[in-house]
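Participant: Kindly generate the complete structure, drawing on both the sequences and the hints.
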Amino acid sequence: MAQASPTARLLAKLAAEGLLPPAQAAAIADDERTRPFSLHYELQAFLYLGITLLTGGVGVLVYQHIDSLGHGVIIGALVLAMAASFAYANRHRAAFTWGEAPRTSTAADYLLLLSCLLFLVLEGYLQVQYGLFGNRYGLVTVLPAALFLCLAYLFDHRGVLSMAITSLAAWVGVSVAPLTLFNDGFPSQELSGPGLLLGLALLAAGLASEQLRRKPHFAYTYLLLGSNAALLAAMVRLFDGDGSTAAPELLRALLVALLVLGICTVLVWYARRTQSYIFLLLAVGYGYVAFTVVLMVMVGFVNLSDVFIPLLILYFPLSLAGLIALLINIKKILRIA
Amino acid sequence: MSTKAYPAAWADDEATRTAADRWQRRGLLTPAQQAAIDAAHPVGYYRPHNWIRLLLLIATLFGAASGLGFLLLATEFKCSSGVYAALVALAAIALLEVIVKRSQHYRSGVDNALLYIAVVAWGCLVYELTDNAFSLSFISINWLLLVLAALLVALVRYADPVVAAACFIIALWLAALILMHSKLGRLLLPFGLMAIVGALLLALRQLPARADYYYYRSAGLVLRALGLAGLYLAGNYLLVREGHAALLTSGGPSGQVALAPLFYLLTAGIPLVYIGLGLRRHDRLLLTVGLLTLAFSLFTLRYYRSLLPPEIAATLGGLLLLLGALAALRYLRTPRHGLTAEADESTPPQFNLESMVVAQTVHVAAPEAEYEFGGGQSGGGGAEGSY
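Line by line, the protein sequences give chains B and V.
Per our numbering: the first sequence ends with 391, consecutive numbering throughout.
Per our numbering: the second sequence ends with 388, consecutive numbering throughout.
To be clear, the hints were calculated from the coordinates, so they are not data collected in a lab.
Wrong hints could be hidden among the right ones.
What the hints assert, rightly or not - Restraint ranges, calculated between C-beta atoms of paired labels, are given here:
1) B:S59 x V:L72: 48 to 58 angstroms
2) B:A81 x V:A261: 27 to 37 angstroms
3) B:P156 x V:L72: 18 to 28 angstroms
4) V:G83 x B:G376: 24 to 34 angstroms
5) B:L251 x V:E243: 44 to 54 angstroms
6) B:L312 x V:P8: 40 to 50 angstroms
7) B:A141 x V:A328: 13 to 23 angstroms
8) B:A137 x V:P254: 27 to 37 angstroms
9) V:L88 x B:G376: 20 to 30 angstroms
10) V:G199 x B:S59: 17 to 27 angstroms
11) B:N144 x V:P310: 29 to 39 angstroms
12) B:A99 x V:L248: 47 to 57 angstroms
Said to hold, decoys possible - Cβ-to-Cβ under 7 angstroms is the rule here; a few derived chain V residues that face chain B:
13) E15
14) T19
15) A20
16) A60
17) A196
18) G199
19) L201
20) L205
21) L330
22) Y332
23) T341
Glycine included, every Cβ here is placed at the ideal spot set by N, Cα and C.
Facilitator: Structure, rendered in structure tokens:
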């Protein structure tokens, strides 16, 4: 008995407790032994890594070998590769639906991604060599954004949707990547306005897809990237005060904090609806920072620093204890099953 | 007092429910049967969702830090730092035991954080008590021994995965320090470390047969992953050569090491053995570590021999990877050799990684005044890959 595998011991225990008939326990043990080993995620990682390496390498190669290969050959090869992978993806495309389309082919999903990346390489090459868009640099990023957006809806592809949003953000001039804060820091102050607008637009798109049931599973991508852009931009506005305690300064800080709290409310609503805890995490983190900053501004404004600084020492332990209590009881508060 | 901090039934019941869920997904159990199993093996402890656990962990660490700050201010920094460390360690352990007993916390984030705080405080206390000849290049063996002892006690009692990882690192550090005391030990360092890690891996094979397997499963998994990686890294040519140069010679570019063919063989062979065994035994940990070590072996190769320029290597490697994966998808559409390309319906669906990964790795150049698409930055972030 002691030598049996852990699963066999579990089955024996369940059979002994009368929760499983012995025949069924034997069938389960048999299935555990003969079930094929899934390489699904490993192969997907290979596909993604392969595509990233390939397009990264090609992106460099085309510029290095312009002289030896000639423009025609490079453009022809890029168009051919793009068309071939797009044709494969198109052949395996599921019929359009406003819901989530069934996944027909893993290969098609990744070849669509490849053709989109090759499109970016081709577009960049045409712009550099022929000045295709002239000085209208905005077009260089708006065109792929629009194209990818259409493709994302047509092919029901969240990866391409992310690419569309990334292009759109590049047009505005900000980054929406989830780890932007850690790589590049906060956006600069001039960009925080457009970043905020883009983020709010993306949040609205996410809410609309969820509420109108138009590709509701896209809401996750819209809300994640949108909230990231909007909250980062709002934080910049929150922190860039020059320390003056004039009333307009205070009013602006309050407005931005209210906006942050509003966005956090939307995130909590979505987290409740889809039981997606990452949005809860975002909302609690940013909400706490916004609340704390507002408190600081208020303390500075009422000019009672001497009284409040000792209280601030208590504020952090106490508010963190409160945060822990909130998180422990989050299921009850949010009524998440 | 039992040696285990948490009731063993918590881990067993958790494993039972997970297995029942898996069997129900595969259609081997009726929902009613699963419900009966769940009712017979209820959740007797508190553990929230992973994100909340992470937040609780961070919040507890911050809370403890500000609590310590408050203590320092209240006592006006009058006591020695050893006294503060002892106070923190005692308070953290006491609080940990209380929340496990009273509130049934089981790896909720709060208990993990308290355990880590206690271990770190113990490390500070031991530092105060042992000789203070302490720098990064020379850490006293006494300190390592006392910390390792505490970590081992914590591992047996709390079976925490992070503590397991810390045990592994401190133990190997200690072994390396002892070996480096003699010239012979320094020469045999790779083999000494491989022997220790190999012994650990052999010992871990006994774990599944133990009655308390589920209590120690996550800690065992961490130790096994680190052991497999350590076994490879100890024999990796790059680390052996550069390590040899750093330890035995006085700087400068590294020269060829003795027994180089053996290390070539280990660097190339161990990943392939891992991958082969992983596929054969349906062992995902072995397979994953095998793939990661294979990538590091390719990096090792390119570190000494630049076979192709990076952009050509990336293009060819990417193409090869892409075509290979496409071929494997096609070949494994129907299961063969006990392998399949289909998603495993017995694992719950992974959370929505795709959008995050694509948004993080695909770069679209932002338009600027003097705007050029130079350097192919539009294509993605993998151009400097290890192929």
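Participant: Each of the hints needs a verdict: does it hold here or not?
Facilitator: Right, here's what the structure says about each hint:
| no. | hint | result |
| --- | --- | --- |
| 1 | B:S59 x V:L72: 48 to 58 angstroms | holds (50 angstroms) |
| 2 | B:A81 x V:A261: 27 to 37 angstroms | violated (54 angstroms) |
| 3 | B:P156 x V:L72: 18 to 28 angstroms | violated (59 angstroms) |
| 4 | V:G83 x B:G376: 24 to 34 angstroms | holds (32 angstroms) |
| 5 | B:L251 x V:E243: 44 to 54 angstroms | holds (50 angstroms) |
| 6 | B:L312 x V:P8: 40 to 50 angstroms | holds (47 angstroms) |
| 7 | B:A141 x V:A328: 13 to 23 angstroms | holds (19 angstroms) |
| 8 | B:A137 x V:P254: 27 to 37 angstroms | violated (49 angstroms) |
| 9 | V:L88 x B:G376: 20 to 30 angstroms | holds (24 angstroms) |
| 10 | V:G199 x B:S59: 17 to 27 angstroms | holds (23 angstroms) |
| 11 | B:N144 x V:P310: 29 to 39 angstroms | holds (34 angstroms) |
| 12 | B:A99 x V:L248: 47 to 57 angstroms | violated (36 angstroms) |
| 13 | E15 | violated (11 angstroms) |
| 14 | T19 | violated (10 angstroms) |
| 15 | A20 | holds (6 angstroms) |
| 16 | A60 | holds (5 angstroms) |
| 17 | A196 | violated (27 angstroms) |
| 18 | G199 | violated (23 angstroms) |
| 19 | L201 | violated (20 angstroms) |
| 20 | L205 | violated (14 angstroms) |
| 21 | L330 | holds (5 angstroms) |
| 22 | Y332 | violated (10 angstroms) |
| 23 | T341 | holds (4 angstroms) |
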